[in-house]
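J.: Given only the sequences and the hints, what does the whole structure look like? Please build it.
There are 2 protein chains.
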Amino acid sequence: MKIGIAQQNYIIGDFEGNLAQIKSAIDTAYKQQADILLFPEMSVCGYPSYDLNHYSEFVARSFQFVEKIADYTKNKLAVVVGAPNTNTLAKDKPYNSAYFIADGDIQQIVHKIHLSKREVFNEKEYYSSTNTTKLIQYKGKKFLLHIGDDRKNILLSDSSEINKILNMKPDFILNISATPFEQDSYREKRNYIKRLAVENKLPVFYCNTYGAQVPIIFDGGSMVVNADGAIFEEMSFFKEEIRIFDLEKISKSGNNENLQPVENIALVHDALVLGIKDFFLKSGFRKAVLGLSGGVDSALVLVLAVKALGAENVLSVLMPSEYSSDHSVKDALDLVKNLNSPHQIVPIHSTFETFNNTLAPIFEGKKQDVTEENLQARIRGVLLMAISNKLSHIVLNSSNKSEVAVGYGTLYGDTCGALAAIADLYKTQIYELCKYINREQEIIPHHILVKSPSAELSPNQKDSDSLPPYDILDEVLCLYIENNLSEEQILLHGYDTETVKKIIGLVRRAEFKRHQSVPVLKISKRSFVETHFPLVKRNF
Amino acid sequence: MKIGIAQQNYIIGDFEGNLAQIKSAIDTAYKQQADILLFPEMSVCGYPSYDLNHYSEFVARSFQFVEKIADYTKNKLAVVVGAPNTNTLAKDKPYNSAYFIADGDIQQIVHKIHLSKREVFNEKEYYSSTNTTKLIQYKGKKFLLHIGDDRKNILLSDSSEINKILNMKPDFILNISATPFEQDSYREKRNYIKRLAVENKLPVFYCNTYGAQVPIIFDGGSMVVNADGAIFEEMSFFKEEIRIFDLEKISKSGNNENLQPVENIALVHDALVLGIKDFFLKSGFRKAVLGLSGGVDSALVLVLAVKALGAENVLSVLMPSEYSSDHSVKDALDLVKNLNSPHQIVPIHSTFETFNNTLAPIFEGKKQDVTEENLQARIRGVLLMAISNKLSHIVLNSSNKSEVAVGYGTLYGDTCGALAAIADLYKTQIYELCKYINREQEIIPHHILVKSPSAELSPNQKDSDSLPPYDILDEVLCLYIENNLSEEQILLHGYDTETVKKIIGLVRRAEFKRHQSVPVLKISKRSFVETHFPLVKRNF
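So the protein sequences, as listed, match chains A and B. Letter by letter, the first sequence follows residues -18 to 521 of this note's numbering. Letter by letter, the second sequence follows residues -18 to 521 of this note's numbering.
Be careful, since some hints might not be right.
Same chains, same names: a pair is fine if it fits in one copy or spans any two.
Unchecked claim - Here are the simulated BS3-like pairs of lysine-lysine, each with C-alpha atoms no more than 27 Å apart in a straight line:
#: 1; residue 1: K482; residue 2: K49
#: 2; residue 1: K105; residue 2: K74
#: 3; residue 1: K175; residue 2: K4
#: 4; residue 1: K150; residue 2: K347
#: 5; residue 1: K348; residue 2: K268
#: 6; residue 1: K482; residue 2: K72
#: 7; residue 1: K175; residue 2: K233
#: 8; residue 1: K483; residue 2: K371
#: 9; residue 1: K416; residue 2: K49
Bear in mind the hints are in silico, worked out from the structure with no lab data behind them. These numbers were taken from a predicted model, which means no experiment stands behind them.
T.: Shown next as structure tokens:
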């Protein structure tokens, strides 16, 4: 028997487009004489579709398209596709289902048992779950079909229902999933699929989706693992791939694992480029605009955007103020020259002056303070948004995770845009990624990478005037955010008490800024999409 | 036996402040010879504390303060307080617990069984749950103590564990909760507590918190219901109240219910005033600023803010442009005169002109369009934020739910601010509330209530140029958002197909604006805090 895996990238709600992709994979697999072809979780409608599941038109339309797929497979092959399925007892919570289609008909519908615990999916809000499953028979083989990558799935025999089915000696397990990318998540995924195989003593065919559904980026890396738990094949990351596997060959394969070489920083790079690309493609935009300050953050966003959209489609706007250093403009110009991407210089002096004059009667007798710093940042925000409106360019935001964590940024100034491409990377990771980008040739000018970070909103300002050094800040933030460590536990790592208290206090206080933040591309275990500190509270 | 209910308003993380309030209620109840005094769910630390529960310092500090309360009760009376309690098996997910304290010691700790299903609380993310409970004995009486208002609690005898305890014939049920206000929710709450009493044939003492924890407003309305399901006493809404009840009297009370008269619009009014008041009080600010356009939305926000903070603490800024009508300025000035609140007039002509000049080289050859409309709104946003920064006034946002739903507002312009006081009220509800405010005397000038709504960003613009009439729009929105009705179901109500499709399309598309929206005061069954449409998708 030949089993195929179609690792594809869908658009949520784009039933026609997704159908066209699915048909094309069916054609490919049919030519290669596949018997069964797997598509990822929710392949028909795209995932995660959140509130759309509450509305019956979405579920009904999904079913309509499952039927179209069934028609299309007739006389070709069997397929497994994912789509919601109405729960007649809870109409606003359909099941997250896998449809086994053969001979042009839906033969079986299997529902997801363990809804995802990932907060970004919040599946319990949208889907009903079940604890029953079925053994499916096809062309003399028996198999278990299940959905998702919940750890609870691993020991299938924990469930008496599934135990019954395992006793019927299935030949393999088919798993269709939508597993999101996170740094180093490929290891966990490999381990998960291997355990699923080993502990049930069955080969596993794991079909994952790829592509960005902001804030989530799915990474593909679909896998076939034999009954001994050896990876027979791991498909590529962040790419469409359709592969057909011979069940007999897999069963006979020994313990030699077929693993692709993986470098974490390269995955992060590819994830972000795909994230930007998909955001534009899927929302129907082609062109981006961003404020290019001469600093490292906007430099990185520009490079990633150029890779995603093409140099000609990314407009950099340099908006120097009286506090901007000469090297900022020069560094920014050097970068756009390296990239051969368009730019505009729009100084903000006169707008700044007009605002100050307009506000002078109200501000009479008050000293210059953070107001004027924020004002400059907000003028830049207004200019970018105006350019966005007039030229139909989408504003890319350049905030990083360290800034977002501690609230070091001006609301409606630094925080404006449609997509925060690097807001899930700490400042130290920003530098690391820049070095990766420059690994073969200097794309990002060296000077951008060596100068001290500065917002340049007041004379000789440096980030280090207000914040702990980024290496310390980022380590403490990572312990607090990613690892959920308490203040006490973080102090055990040997950091200075005052610094740790200051950082934690800043993180908690900055919630009001994060509440209004730009959509982020999530690449960490815990992004700020998944944190919720109370908006109003006392520090304790 | 005398049982007291302390209906109080806490600040999240303000352990000292909450302790002081709790002590003061203990003193009051002790003087009135109460035997047991109830405090609401999570009274020690404030609720909902979201991610803070993941950090052991928060849970540890909560426990410390429970012990302080225990010390304080010695030789006085027994109390029930709410606080998280460490789950040694899942340290980042404590229990949501009730502490029964008597004779100066913690006698029993009971954990919440059914975690709240309300999405705004997302309790499963923060708390462990249990399915065991205990019968508590005190001064010759036996009682069940439980937490929260999940419907699953009603038929206590559904759980075999609780059944055992009910067989031991308790004398009453104590319930401590944090039940949020929603329009008409008082009815549901009454029914819930009454059923809890009737179905278990026991008197119920229900202690609810009150006060705003943005986005949620708790309404109090604590209750005592006798074993026949008659409300013996319902405490007031949105107010502190400490009441002592005689158990024997309640048991003897018949079926005469003691219900306070309730008018929904009055509750909404009181909820919003308290919401604004608490937001400022709890975050340590005193003064507000808002843009007063002469339209009905900002007029309403101003009136509510004046009621919450005092006229002298709310600065109105009039920011006319060349498209502002004369009556806008006049109407706004009439209103501030009625309220005797301060105002400033800051015309935006010159800033608008400077921006246009600055952008002229980039915009060469392009026609005037929505860019210039948005620019005006964003200039106003920048001005308000600058005033906020310089004068430490907090910006109140004036968006309404109809606008937020369909995205009729400029990002970073109309959408700026720290608190969206009326963003959970549809436009038609805005008018209703204005009429309520004017019920005895004209506070909001009549002309504001009768003129056609307009953003005044281009010549002779009216909202009705771009949107369906508000009465239709709001009805359809309510069916779609509050009632989760599908397009097909909404059409059954007889609305025009094109209009319904247009509205639903706008709602789905506007998610990118709502993603960056200002914190809202939730007063409806389903606010936009609780909706999640995919950010990137195709309309289908």
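J.: Is it within, between, both, or neither for K483 and K371, if the alpha carbons may be no more than 27 Å apart?
T.: Between. Shortest inter-copy distance 24 Å satisfies the 27 Å Cα cut-off; intra-copy 42 Å does not.
J.: With 27 Å as the alpha-carbon cut-off, assign the pair K105 and K74 to within, between, both or neither.
T.: both (9 Å within a copy, 18 Å between copies)
J.: From the Cα coordinates, with 27 Å as the cut-off, is the pair K416 and K49 best called within, between, both, or neither?
T.: Close neither inside one copy (48 Å) nor across copies (54 Å); limit 27 Å.
J.: Using 27 Å as the alpha carbon limit, work out where K348 and K268 are close: within a copy, between copies, both or neither.
T.: Classified as between: cross-chain Cα gap 20 Å, same-chain 41 Å, threshold 27 Å.
J.: When no copy is named, should K175 and K233 be tagged within, between, both, or neither for a Cα gap of at most 27 Å?
T.: within (16 Å within a copy, 66 Å between copies)
J.: Using 27 Å as the alpha carbon limit, work out where K175 and K4 are close: within a copy, between copies, both or neither.
T.: neither (30 Å within a copy, 57 Å between copies)
J.: Measure nothing new, just compare the shortest in-copy and cross-copy C-alpha distances for K482 and K72 to 27 Å and report within, between, both or neither.
T.: Cα proximity of K482 and K72: across copies only (21 Å, versus 48 Å in one copy).
J.: Cα distance capped at 27 Å. Does K482 pair with K49 within a copy, between copies, both, or neither?
T.: This pair counts as between: shortest inter-copy Cα distance 24 Å, intra-copy 59 Å.
J.: Checking an output row: K150 and K347, CA cutoff 27 Å. Within, between, both or neither?
T.: neither (81 Å within a copy, 70 Å between copies)
The structure does not agree with the numbered hints 3, 4, 9 stated previously, though it agrees with the rest.
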